[in-house]
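First to last, the protein sequences are chains H and F.
If you read the first sequence in this note's numbering, its first letter stands for residue 1, the second for the next number, and so on.
If you read the second sequence in this note's numbering, its first letter stands for residue 1, the second for the next number, and so on.
Some hints here could point you the wrong way.
Which copy? The list can't say, so a pair holds if one copy fits it or any two copies do.
[Claimed, not checked] In silico DSSO-like pairs for lysine-lysine, Cα to Cα no more than 27 Å straight-line:
#1 Lys-110 <-> Lys-53
#2 Lys-77 <-> Lys-136
#3 Lys-59 <-> Lys-77
#4 Lys-59 <-> Lys-125
#5 Lys-125 <-> Lys-12
If you are wondering where the hints come from, they were derived from the structure by calculation, not from laboratory data.
2 protein chains.
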Amino acid sequence: MESGLFLAEGNKLVASILPFFECELLIACPSWMAMQENLNVKELIAVEEEEVKKASLLKNPQEVIAVFVQPQHPFRKEALENELSLLLDGIQDPGNLGTIIRLADWFGIKNIVCSPDTVDVYNPKSVQASMGGIAKVQVFYESLPELLMELKHLPIYGAFLEGNDIYREKLSDKGIIVMGNEGNGIRPETEKEISNRLYIPNYPSPIESIESTESLNVAVAAAIICAEFRRQQIYSQ
Amino acid sequence: MESGLFLAEGNKLVASILPFFECELLIACPSWMAMQENLNVKELIAVEEEEVKKASLLKNPQEVIAVFVQPQHPFRKEALENELSLLLDGIQDPGNLGTIIRLADWFGIKNIVCSPDTVDVYNPKSVQASMGGIAKVQVFYESLPELLMELKHLPIYGAFLEGNDIYREKLSDKGIIVMGNEGNGIRPETEKEISNRLYIPNYPSPIESIESTESLNVAVAAAIICAEFRRQQIYSQ
């Protein structure tokens, strides 16, 4: 929302993010409210489930809809120095963005930087798919080529069909993982800053040609890459 | 569709599945048709891009919409004997199903068996998300507990927050991987047939309690699990 607010729905999601965001408005069934330890909200409206259904954007509405204030975190590139971070170059699908935030939370990735044309993190579908990840992972919007030029001293990874087999690479425990747009991949201006090109091996045989129609969904590729970074960090030492 | 037909849209998707399915109807721009080597379709309608936009279900319609015949593959449980296969227990989101079909294709998994209440593979959103995977991966609908009882001699894997660390398990190159419903996971009747409980380690520290709100999207979890099965098969020998 332009308003600086965002919408979240669903019993589990709202309960999980309520402690982390300022809540402007909460519309819920008394049954759901009764289960919450404290409801620190500006405006609270108790309604019947039928009323929630009418206001809901979800296919299967539940007992609560909440409006939160979008937090303002100033971006500091220093925050990326000693961590593993994700950069998203033009992700268009809000479900993909939310799913990436959710897996970043799982894999202890604290910061995601998106290109300015990436879908809004506060799109209700992104919030929904993040499953509470937006409360733990900070998402910023910055120009990626400029940022990557300032982070040249870090390894900058990207996934490509003609990259190096990720399982044969010694992956760093700090650096940047760049994921590209669903249809077009990583932009040339961003790609030229990438120092380590990774390839997720398919099965049974590696892809011969990048003409292949086969590929992986961007959130799926991000997940396999993040899992391998963490596996090496935990087990290969 | 009840009709035994299904819809596919998009220049790349339709081109990639056209050789594999019987096409009842193709509505496309001459520009797209000109790029196809052969158009073996029952009915062909050339229209302008504007017309495609009017008929499209997509946010960003392209130059072609096609109606295909749903193929009828009889299910044979013998097909699962010497392979790695996926079983889906009540997946509700068509995007998740399509994404799982797409990654199954990537990882050379030829068969997916879904519980009868899993979303329809021919839902336009499933077809879209599979990105052509539906032409390579066969998807069946069967009662999972009965099927698993007949496959007891195979290792039957499932992902659980209190399972064994997948990276410390010696994974089999044949067997069944069961993935559960987005909200409720694997059904008890199905779960009791599972012989190997796997856990995808999070980072930095393994989850202490299954009460944790953290989790992974089902397609993301399936991807990390399938990637690890194939990694061990390719590299750990």
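Verification of the supplied hints:
Taking the closest pair of Cα atoms, Lys-110 and Lys-53 never come within 27 Å of each other, the shortest separation being 34 Å inside a single copy and 40 Å across copies. In this assembly of identical chains, Lys-77 and Lys-136 lie within 27 Å of each other by CA distance solely inside one copy; the values are 18 Å within and 44 Å between copies. For the homomeric pair Lys-59 and Lys-77, neither the shortest alpha-carbon distance inside one copy (39 Å) nor that between copies (34 Å) is at most 27 Å. Taking identical chains as interchangeable, the C-alpha atoms of Lys-59 and Lys-125 lie at most 27 Å apart whether they share a chain (12 Å) or sit on different chains (14 Å).
Taking the closest pair of Cα atoms, Lys-125 and Lys-12 come within 27 Å of each other both inside a single copy (15 Å) and across two copies (25 Å).
Of the numbered hints listed earlier, those contradicted by the structure are 1, 3.
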